[in-house]
Structures are given as C-alpha cells and as structure tokens.
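Student: Here's the letter readout for the chains.
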Amino acid sequence: MPLLAPADQDRLRAEFSLMTRRVHLLFFTQALGSETCLLTRQILDEFPPLSDRVVIDEANLVLEPDRARQYGVDRVPAIAVLYEDETATLQPLPASGAAPPLDSRIRFLGMPAGYEFVSLVQAILLAGGRGSQLSAASLERLALVDKPVVMQVFTTPT
Amino acid sequence: MTLAHEMAFASPQITAYAVEATEYPDLARRYRVTGVPKTVVNEHIEILGGLPEDAFIEQALG
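Top line first, the protein sequences correspond to chains X and P. Numbering-wise (this note's numbering), the first sequence opens with residue 1 and increments by one. Numbering-wise (this note's numbering), the second sequence opens with residue 1 and increments by one.
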C-alpha cells in the first residue's frame, strides 16, 4: 500500500514529468537489524511508480565498502543522489557494470521522513534538471570555491 | 537543507549531507547539536538556524 496520498502522488507525478535527466537514488543499506533501512526503502519505492526518470539503486555498506567510500558513506541508511546527463537519459537504462551516473554530491544520512522527504524531492528535481534556485551572485561566489568543502546539516523529522 | 544541497550541486568542490540528528546521536553529540537546523562546515564552522541565502553562503565559505 502506498505511503503517499493520491493527491501527493499526483503532485509529484506532475513535477517529475518535467525532469530532463534520469536520477538514481543510490541507497546504502545493511538489511540485517536495521528497521530504518527497511522503512527508508519503503519511502524510496514510492518514487519509481510515479516516474521512469527516478531509479533506485541499492548498495550494501558491508559488502561494497569501496562504493561506500567512493560516496563518503559510513553508516546506514544513506542515500547518494546521482544522475545521468540529458543524452544518457534518452538511452535505455544502463546495465549494471556500466559507467556510474554523475554525482550530485547531495547526500542524506538517516531516514528521509517528514521535512527531509521534502528535501529529497527537491534534490531529485534539482539533479533531474530543474535548474538552480540560487541567485546569480551566489552562483558566481560558488564558482570561486577551489578547495573541498563538506557540509553537514543536522535536522530532525519535524 | 535545500540550500546546502543547492550549493553542492552548483560547485564540484562541495558535498552536502543532510543528517537526521535523532537517528545518529553520536554525530549529534560530536558536533554539539542542541537545536536544528545546525550546519557544520569542514568540521569547524558552525551555523545555527536558518539564514538568508547570501549570509548562509558567506558564513559557510568563510
């Protein structure tokens, strides 16, 4: 049974229909003993029925440590938001083992419920080609960043 | 959270994590999170609460 109400599904379906890039939500899990991993997977499974431009990929934190390191993930549940460019998006879904999608450098640690669900939807739309909401001045400032920056934003579900 | 994610998407140098504080009390303790949102940049810059876009970016990037 879907978690989202029909009206919310309709709203998301309409927003996702504008996406020009395919977005992959790379979900890091560790199936044993993690109830929040199961709940997170349930939340993520809401998206693909609403759009073929949203794909869920799954990786096991323990069995795929190199992949976890590549995306800076050391705990579960975690989500890395990845995407394909417009050209790749028009092709069939790449087979596993093909070149990995592009990295948006957007991550979620913990279950994306409540307000974080809204943030996840926004992240999907951003990586999906919606375009930045930042001002031109902010984008100019960000273009000058020449050293790695890691930001952690602590939130709660409500 | 969306602002930090927007920053990450705009700059290949920036990675932004949304961290669910109640799920990871060890991280909340390590970064002394007593209220949300709290943003920690490169382990040492702390931004409490929400700020307008320009102020947030300026504080985050020092």
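If you are wondering where the hints come from, they were derived from the structure by calculation, not from laboratory data. Careful: at least some of the hints might be erroneous.
What the hints assert, rightly or not - Partner residues are not named here, just some residues of chain X that face chain P (Cβ under 8 Å, in silico):
1. 32
2. 70
3. 72
4. 119
C-beta atoms are modelled at their ideal positions from N, C-alpha and C, and glycine is treated no differently.
Student: All the hints need checking, so say for each whether the structure fits it.
Tutor: Cross-check of the supplied hints:
no. : hint : result
1   : 32   : violated (17 Å)
2   : 70   : violated (12 Å)
3   : 72   : holds (6 Å)
4   : 119  : holds (4 Å)
Hint compliance for this structure: hints 1 and 2 are not met, and every other hint is.
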